[in-house]
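S.K.: Sequence:
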Amino acid sequence: MVKMMMRDVSERVLLNSEKNIGIIQALLVFITWYHPHVFWGHQATNLLHLAMAAVVDLGIDRQQSMAGESFKLAAMKNAHGDRFVQRTPTLEEYRTLAGVFYLTSTVATSFRKIEAIPYSKYLEECMTSLLHTREYDSDALLVQIVRLQSIAQEAHTTETSSAPIQMYINAFVADLDREHAGNQSVRNEGDNDLRLEQLQFLTCKIHCYELSLNQLQQQDTNKASSRAALRAHLPDLYCLMEAIQAFTDLFFTIPIDEYLTTTFAVWGQFAHCFMVLSKLASLEIDGWDYQSCHTRFVKIVDEATSYYDRAGQSSPDGLTVINDSFAKWANKLRFLKSLHLPKILDRQIVNDDHMATAPMQSATQPGRYEQVAVVGGAQQQPTPPDDWLPPDFFGIDDWNSLIADADFGFAADQMMQT
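Here this note's numbering is used: the first residue of the sequence shown is 232, the next is one more, and so on.
No lab work stands behind these hints, which were simulated from the structure alone.
Here the structure is a predicted model, which means the values were calculated and not measured.
No residue lacks a Cβ here, since even glycine has one placed at the ideal position from N, Cα and C.
Errors might be hidden in some of the hints.
[To be verified] Straight-line alpha carbon distances no greater than 30 Å define the calculated DSS-like cross-link-like pairs of lysine-lysine that follow:
no., residue 1, residue 2
1, Lys-530, Lys-568
2, Lys-568, Lys-510
3, Lys-344, Lys-559
4, Lys-563, Lys-530
5, Lys-563, Lys-234
6, Lys-250, Lys-344
7, Lys-530, Lys-510
8, Lys-344, Lys-234
9, Lys-530, Lys-559
[Said to hold, decoys possible] Cβ pair distances, simulated, as ranges:
no., residue 1, residue 2, range
10, Pro-486, Arg-565, 22 to 28 Å
11, Leu-514, Pro-486, 47 to 53 Å
12, Leu-246, Asp-488, 38 to 44 Å
13, Arg-541, Lys-250, 52 to 58 Å
14, Phe-483, Ser-241, 34 to 40 Å
15, Ala-459, Asp-548, 54 to 60 Å
16, Pro-547, Leu-465, 40 to 46 Å
17, Met-237, Leu-465, 30 to 36 Å
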């Protein structure tokens, strides 16, 4: 069925040059529910770019007067006079534009793989129209998650200037809280809609506070300056850890029978949350409580592994599904944990050794370790321990290579079969 759909879309778009709302909506449905993060090789990036191109070609991403049709409109008005009626954008077009923005922005912020379409003034006008009209109850949820995602998108693309990073974070978080508190319609819907909106809100908070972590990792590696920088960033890092904890607690309330019908966006949010926690656990700065992050990291890995094992045996809507994708993910998480634990133990051993040698510090150089002579008479401090995780381990490309065939489906030139 999937191959038939891909063949049909390819023929219509590439061979017949068809462009219509129906094709864009079909692409959105496919990407959202076929789980490209699990099933390898279905070219999610290509499909998203096809959707973006169709949006631009149809001109539904801007007002009609700005869609490059001014000459055509003038000609039609001259030909038909007062009988000419300009086409009015439909609510269906508004929803389609919102869906393309939301998916492209989610992929951009979670995996940094593509450029999202911008959240323009026109798109905000579309959201206002949808909210006021509310043809369907789900329109309120769509507007809410799109507006929240627009804040995450802005935080993701922010390039800090001379202003402190905390000022940017405070501004973004204030916008998030205002948007989250301002729309009560979603809270009157079912539990699933409320959970989805809350997951989106917490994801955006993680993106905002991650700015502080990113800046800390990019700063000078000098120990004294690193410790000072850590103290300046501690409030934001604490809020980041709290947002991660709240997100994972809520994520694990999703019923296991719903895993196969949970949207790709939610899985992308969880993957990003997991990677940010991994970055926190790998942060090597004197004074940083890596042990607490390590404990949370292992707890989430264990819990996710348990849920994935059970998801492989679930029966959504009473159907027996023959699918081992979640079992494979559980095995990959076990492998990740096996890589993580020995390095944590090595770091603990090194710390214990440093504690044991502390009384042997030189009396002439209080507060410093005794220098050790090496060949040639040079003096140096004791060699620091090797990184307990490679510095580039949490780069997106390295993460994708670690999880091998269960990649997120964005590298079309590395096709593999799960």
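S.K.: Does Lys-568 sit within 30 Å of Lys-530, going by the straight-line distance between their CA atoms?
M.R.: holds, 10 Å
S.K.: When you take the CB atoms of Met-237 and Leu-465, is the distance between them in 30 to 36 Å?
M.R.: With Cβ atoms ~49 Å apart, the hint is violated.
S.K.: Leu-514 and Pro-486, beta-carbon distance inside 47 to 53 Å?
M.R.: About 34 Å separates the Cβ atoms of Leu-514 and Pro-486, which means 47 to 53 Å is violated.
S.K.: Run the distance test for Lys-568 versus Lys-510: straight-line Cα separation, threshold 30 Å.
M.R.: Holds, at roughly 14 Å.
S.K.: Is the gap between the beta carbons of Leu-246 and Asp-488 within 38 to 44 Å?
M.R.: At roughly 40 Å between Cβ atoms, Asp-488 and Leu-246 fall inside 38 to 44 Å, so the hint holds.
S.K.: Cβ-Cβ distance between Pro-547 and Leu-465: within 40 to 46 Å?
M.R.: Holds, at about 43 Å.
S.K.: Take the C-alpha atoms of Lys-344 and Lys-234, compute the straight-line distance between them, and say whether it is at most 30 Å.
M.R.: holds, 24 Å
S.K.: Can the suggested window of 54 to 60 Å be confirmed for the beta-carbon pair Ala-459 and Asp-548?
M.R.: Hint holds: Cβ distance 56 Å, inside 54 to 60 Å.
S.K.: Given the hint that Lys-563 pairs with Lys-234, test it: the Cα-Cα distance must not exceed 30 Å.
M.R.: holds, 27 Å
S.K.: Sort out whether Lys-530 lies within 30 Å of Lys-563, counting only the CA atoms.
M.R.: Holds. Lys-563 to Lys-530 sits at ~15 Å (cutoff 30 Å).
S.K.: What's the verdict on Lys-344 and Lys-559, does the C-alpha distance respect the 30 Å limit or exceed it?
M.R.: holds, 24 Å
S.K.: Go ahead and decide if the range 22 to 28 Å is satisfied by the Cβ distance of Pro-486 to Arg-565.
M.R.: Holds: the Cβ-Cβ distance is about 23 Å, inside 22 to 28 Å.
The structure fails hints 11, 13 and 17 (numbered hints given earlier, in ascending order).
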